[in-house]
Amino acid sequence: SAVISQKPSRDICQRGTSLTIQCQVDSQVTMMFWYRQQPGQSLTLIATANQGSEATYESGFVIDKFPISRPNLTFSTLTVSNMSPEDSSIYLCSVVGGIQETQYFGPGTRLLVL
Amino acid sequence: QKEVEQDPGPLSVPEGAIVSLNCTYSNSAFQYFMWYRQYSRKGPELLMYTYSSGNKEDGRFTAQVDKSSKYISLFIRDSQPSDSATYLCALSLNDYKLSFGAGTTVTVRA
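Protein sequences appear in the order of chains A and B.
With the first letter of the first sequence counted as 1, position 107 gets the number 107 in this note's numbering; the numbers rise by one all the way through.
With the first letter of the second sequence counted as 1, position 65 gets the number 65 in this note's numbering; the numbers rise by one all the way through.
Mixed in with the good hints there might be a few duds.
[To be verified] Here are the computed lysine-lysine pairs in the DSBU-like style, where the Cα-Cα straight-line distance is at most 30 Å:
id, chain 1, residue 1, chain 2, residue 2
1, B, LYS70, B, LYS97
2, A, LYS7, B, LYS97
3, B, LYS56, B, LYS2
4, A, LYS7, A, LYS65
5, B, LYS56, B, LYS70
6, B, LYS2, B, LYS42
7, B, LYS67, A, LYS65
8, A, LYS65, B, LYS2
9, B, LYS2, B, LYS67
10, B, LYS42, B, LYS56
11, B, LYS2, B, LYS97
12, B, LYS42, A, LYS7
13, B, LYS67, B, LYS56
14, B, LYS67, B, LYS97
15, B, LYS97, A, LYS65
[Unchecked claim] Here are the computed distance ranges between Cβ atoms for each label pair:
id, chain 1, residue 1, chain 2, residue 2, range
16, B, LYS67, A, GLN38, 28 to 34 Å
17, A, VAL3, B, GLN31, 45 to 51 Å
18, A, PRO39, B, GLN31, 41 to 47 Å
[As the list claims (entries may be wrong)] Here chain B is said to cover these stretches of chain A; the calculated rule only asks that three of the stretch's residues, wherever they fall, bring their Cβ under 8 Å from a Cβ of chain B:
id, region
19, 16–26
20, 91–100
21, 105–111
It should be emphasised that the hints constitute simulated quantities derived from the structure, not laboratory data.
Idealized CB from N, CA, C, for every residue including glycine.
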């Protein structure tokens, strides 16, 4: 399975500011995704990070709020823009890999917005 | 109605007991069925993966899928305190995008 790291692991931010989260994979992968896990809730897909083109967003998520970059097959960033306390969540990146093309998750970034 | 329904528990069992977890879903187009385990302050870890109806066994874990009933289960035999975690079912179409259940928090008492 792929080894996935995320930076930062956690942060506390003021409302109105932005935070960029990095996701690094130890091997080239074709599919990368970003998920959100709000307190006490399950994971919700934010978008598919496409290498070399604009991300594909799920219903309820927009590029202005969650801009995503994917410059190559091992790295992606998610920015949470103009944050409000409702953005307090765990943000996770995931990749598809392995023989069975299953999905593996990073450790997550815990974000608290005050 | 949510696409995937999972009882959030919590579920508390004594060590050695069988843990039974399940999810129901509404979209019959789901093709792939997974169970993830998530420890506190960690990312989800893939436990079981299947794409057909029937049973799949891996050590102490058995996953069952019944597509006709839109029902999936995970059984943990001889449960250990180290199995204490949140268990999430996840389903996908043929596009790798996962739809998750709410997760069931399990505590195995020593």
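Handout entry: Those earlier numbered hints the structure runs against, lowest number first
Key = Violated hints (numbers, rising): 7, 17, 18, 19; every other hint is consistent with the structure.
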